[in-house]
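**Student:** Quick note, the sequences are listed as chains A, B, C and D, same order. For the record, in the first sequence the residue sitting at position 83 is 83 according to full-length UniProt numbering, with numbers rising by one throughout. For the record, in the second sequence the residue sitting at position 40 is 40 according to full-length UniProt numbering, with numbers rising by one throughout. For the record, in the third sequence the residue sitting at position 284 is 284 according to full-length UniProt numbering, with numbers rising by one throughout. For the record, in the fourth sequence the residue sitting at position 137 is 137 according to full-length UniProt numbering, with numbers rising by one throughout.
It should be emphasised that the hints constitute simulated quantities derived from the structure, not laboratory data. Cβ atoms here follow ideal geometry from the backbone N, Cα and C, with glycine treated the same way. Each statement offered as a hint is correct.
So the derived list for chain D, only partly shown, Cβ under 7 Å to chain B, looks like this: (1) Glu-45; (2) Ser-49; (3) Leu-74; (4) Glu-75; (5) Ile-78; (6) Phe-82; (7) Arg-85.
Calculated lysine-lysine pairs in the PhoX-like style (CA-CA distance at most 20 Å, straight line): (8) D:Lys-93 to B:Lys-108; (9) C:Lys-93 to D:Lys-132; (10) D:Lys-22 to A:Lys-27; (11) B:Lys-27 to C:Lys-22; (12) C:Lys-244 to C:Lys-261; (13) D:Lys-133 to C:Lys-133; (14) C:Lys-93 to A:Lys-108; (15) D:Lys-244 to D:Lys-217; (16) C:Lys-182 to C:Lys-244; (17) C:Lys-234 to C:Lys-217; (18) D:Lys-297 to D:Lys-234; (19) D:Lys-93 to C:Lys-133; (20) A:Lys-88 to D:Lys-133; (21) B:Lys-70 to B:Lys-27; (22) B:Lys-88 to D:Lys-93; (23) B:Lys-88 to C:Lys-133; (24) C:Lys-93 to A:Lys-88; (25) C:Lys-36 to C:Lys-4; (26) C:Lys-132 to D:Lys-93; (27) A:Lys-88 to D:Lys-132; (28) B:Lys-108 to B:Lys-70; (29) C:Lys-93 to D:Lys-93; (30) D:Lys-133 to C:Lys-93; (31) C:Lys-29 to C:Lys-4; (32) A:Lys-108 to A:Lys-58; (33) C:Lys-182 to C:Lys-143; (34) C:Lys-132 to B:Lys-88; (35) C:Lys-182 to C:Lys-261; (36) C:Lys-93 to C:Lys-133.
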Amino acid sequence: MDIQSCVEVRNEWDIVSARQLGRNMAKELGFGSVDQARITTAISELARNIYLYAGRGKICIEPIDQLGRKGLRIVALDNGPGIREIRKVMEDGYTTSGGLGAGLPGVKRLMDEFSIESTVDVGTEISATKWLR
Amino acid sequence: MDIQSCVEVRNEWDIVSARQLGRNMAKELGFGSVDQARITTAISELARNIYLYAGRGKICIEPIDQLGRKGLRIVALDNGPGIREIRKVMEDGYTTSGGLGAGLPGVKRLMDEFSIESTVDVGTEISATKWLR
Amino acid sequence: MTAKDALMERYQDLLSVYLKAKTETTLYKGQQFSRKLLEQQISPEDLVSLHIQVMDQLFPDMSEEMRDSFDFLLESMIGYGFAYREHQSLRDKQQQLESEIEVAASMQQTLLLSDVPGFDQLDIGVVSVPAKKMNGDYYNFVKSGNSLSVAVADIIGKGIPAALCMSMIKYAMDSLPEEQMKPHLLLENLNRVVEQNVHSNMFITMFHGVYEPESHKFYYAGAGHEPGFFYHAKEDEFHDLIAKGLVLGVSRTTTYHPYEKMIEVGDMVILLSDGVTECRTSKGFIEREEVVALIRKYMDLPSQKIVENVFQELDRLQGFELRDDFTLIILKRLV
Amino acid sequence: MTAKDALMERYQDLLSVYLKAKTETTLYKGQQFSRKLLEQQISPEDLVSLHIQVMDQLFPDMSEEMRDSFDFLLESMIGYGFAYREHQSLRDKQQQLESEIEVAASMQQTLLLSDVPGFDQLDIGVVSVPAKKMNGDYYNFVKSGNSLSVAVADIIGKGIPAALCMSMIKYAMDSLPEEQMKPHLLLENLNRVVEQNVHSNMFITMFHGVYEPESHKFYYAGAGHEPGFFYHAKEDEFHDLIAKGLVLGVSRTTTYHPYEKMIEVGDMVILLSDGVTECRTSKGFIEREEVVALIRKYMDLPSQKIVENVFQELDRLQGFELRDDFTLIILKRLV
Ligand SMILES: [Mn+2]
Ligand SMILES: [Mn+2]
Ligand SMILES: [Mn+2]
Ligand SMILES: [Mn+2]
Chain A
1 MDIQSCVEVR NEWDIVSARQ LGRNMAKELG FGSVDQARIT TAISELARNI YLYAGRGKIC
61 IEPIDQLGRK GLRIVALDNG PGIREIRKVM EDGYTTSGGL GAGLPGVKRL MDEFSIESTV
121 DVGTEISATK WLR
Chain B
1 MDIQSCVEVR NEWDIVSARQ LGRNMAKELG FGSVDQARIT TAISELARNI YLYAGRGKIC
61 IEPIDQLGRK GLRIVALDNG PGIREIRKVM EDGYTTSGGL GAGLPGVKRL MDEFSIESTV
121 DVGTEISATK WLR
Chain C
1 MTAKDALMER YQDLLSVYLK AKTETTLYKG QQFSRKLLEQ QISPEDLVSL HIQVMDQLFP
61 DMSEEMRDSF DFLLESMIGY GFAYREHQSL RDKQQQLESE IEVAASMQQT LLLSDVPGFD
121 QLDIGVVSVP AKKMNGDYYN FVKSGNSLSV AVADIIGKGI PAALCMSMIK YAMDSLPEEQ
181 MKPHLLLENL NRVVEQNVHS NMFITMFHGV YEPESHKFYY AGAGHEPGFF YHAKEDEFHD
241 LIAKGLVLGV SRTTTYHPYE KMIEVGDMVI LLSDGVTECR TSKGFIEREE VVALIRKYMD
301 LPSQKIVENV FQELDRLQGF ELRDDFTLII LKRLV
Chain D
1 MTAKDALMER YQDLLSVYLK AKTETTLYKG QQFSRKLLEQ QISPEDLVSL HIQVMDQLFP
61 DMSEEMRDSF DFLLESMIGY GFAYREHQSL RDKQQQLESE IEVAASMQQT LLLSDVPGFD
121 QLDIGVVSVP AKKMNGDYYN FVKSGNSLSV AVADIIGKGI PAALCMSMIK YAMDSLPEEQ
181 MKPHLLLENL NRVVEQNVHS NMFITMFHGV YEPESHKFYY AGAGHEPGFF YHAKEDEFHD
241 LIAKGLVLGV SRTTTYHPYE KMIEVGDMVI LLSDGVTECR TSKGFIEREE VVALIRKYMD
301 LPSQKIVENV FQELDRLQGF ELRDDFTLII LKRLV
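The following block holds chain A by itself, in its conformation from the complex (with noise of 0.2 Å):
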């Protein structure tokens, strides 16, 4: 399967639209409503990294198919100023203080998968699969 849509983030409302494309797909696979939420809250998490970070760039959602393993991909790109500490942004942090959000540490435990490549100056693509159950 290869029917990607993707959302361009530039400002707080793209956020919301980035959810609503992400519940809808979520829906649509049959995910419950705990997941959909959870799903949209991941969403939310990287829109805002982009908005705030990054400035600009997108987050495309994706279904996946493995072997007749179903699931929900989102990847979230931009071109913003890279992650120099990739080890520090991972590390455990004190994420539900201080009105950070959940921080990328977060959407790692709210998915299934996560991974993360980032390169200074160029941009950082992050992608997180949840599973259905």
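Starting from the known structure of chain A, fit chains B, C and D with the ligands onto it as the hints suggest.
**Tutor:** Chains B, C and D with the ligands only, in chain A's frame:
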């Protein structure tokens, strides 16, 4: 004021009686439903401790009024083995894992005031107060 | 039936029973059920979702608005799911850190703290209890010839950095030349080591003394350390045991003043760290006089019993939460 | 209006808007609202209670059963309140522990690790990176007369206990007599210290070498340490630099074998800890050959650049999560 009511704790069903006593008094005093639930949970934990570690004892509940400040006090008494290492018991354990329940640090956090006296081979007296806001 | 189905069934049973007759028993069971959820590491938003599913079954005719409001609650609960998962990961991390600290503390205990030596003329008692796992107080006894040397040090600061610093003091003392038996010279030597090796924001206070059994003299010197007490048996009085001097590590050229005192039969030399005198109770700091009063209370017991009893009383006064490392040493002349 | 009233009003607004038109925007606002609750350290059972109160207002005619079911949900949520409060307390504790460890680690960095010495005949490069905050690897350079001595040690174990143990090694080495310049004798001495002072379940592996610029000879000995490499420029070949010997601390009477090697212009002595060769990637442990290949890749750079590049590549291969402390040292003969 000195209207103290007590429940003997010998078996698991007495835990429920102690909770009922506490909930009634909390309701009467005007505690909201969350605080009622917190107070009964604290009572549960204290009564369970008596039942599990001392075998028998009692839970007393009393309304308090200090210079117009109203509240409710739970007193848990037993003549059990006592606590040898109060410091250890009050340390923040990993109380929410392993089914140990909230433990004493949890009770301390649910209530506003908390004190404990224990003598080995003599017994333990725990008192915990919640103020009406 | 999956674990989740089983939970749902159980929750539905409990809720139905509760709705039929709202008893405390059922609420108690509800609470125990939530404990079970926690054991199984079920997130709070899962509990809300469980509730919604059961409500759907119990009230198929629920108004649409009512149904929608649940979705909103669920959405708002997701943030707590974050916090809950973070809690689990923090707990794992914390457990690992604590077991590391446990190991380090026991290393410290066995390696750095010397045994109380047997010494015919003196009855010696020692307690040294860290406020947290690792001790930033240090004490050391060395028998050299007929003399007994005793040191008490306090690293300003607590916890792991203090423990690391304390291990330095230990190895520095071990490698000092034998003039050790002159307390003021020992402090001067040690001061140079500390000044060279320890970070400039770390300071160490120290008291060092040597008892010579032939002359019954106690030679001592101090580097900014909390004064001990001297109990003069003949007068039945306690006095401060003052030894002035700059804390270790401030300046390379610090010199220390030599002090000495005759020790008669029944006299006591009491050394301590400020964790003893700066016990903080709900009524504020305790006074040095209160420590003296406690020592007096147990004075007729063997030294080890005295220090243990004093510790226990002060520990209780502080609600079993020491604010600082606590070290108390008593040397009582027997013959 | 109290903070709680304000929250209730806000939640009521959000919920009412949502019930009128179920938009994603309102759900997003709901999620942001819950973030605000978390910031204000509101417990999850408080959120449920907020929801109930708002429902009471929005649906005054709610059926009694519906109303009761909320009470049951509230009761079941109390356990999560425990977990949530415990989380806050754990977080505070953890933050404190981590700042302690931070301080201790920087003490370790400044006190225990020596600078890379300037040495005319050799181009020296060093990286030593702890897997966690505290380093359980140790390296040391000492210039003595014309010679240069280099030590690499690895404490078996990581984290705080290893760091404490490492500080012992440092002070033990500092206080060793001057025969330091004979590696096998240094190890024998150190072995006795470790055997005496270190807990029997702690072991230390060590490599020690001395370079004599007059003879261009490298004398070395090893105590169970991961073999380094020797690069022979003339043949353009890498060989293992093997020095057999028992790890420190096992038996008081261990002796060590003296080794020596001629170093020619362009030759390299490469010392490391097993954190370099036991890098674990998603494909399993890397091979020693891969480390050699990496060194070869950067061989024409200055030594410091070589070790840094090798570290960066291996760090990336492991997803930036070192499993073990990583120490890599290169000595290249220039003239
Ligand atoms: Mn201290
Ligand atoms: Mn102190
Ligand atoms: Mn190691
Ligand atoms: Mn290693």
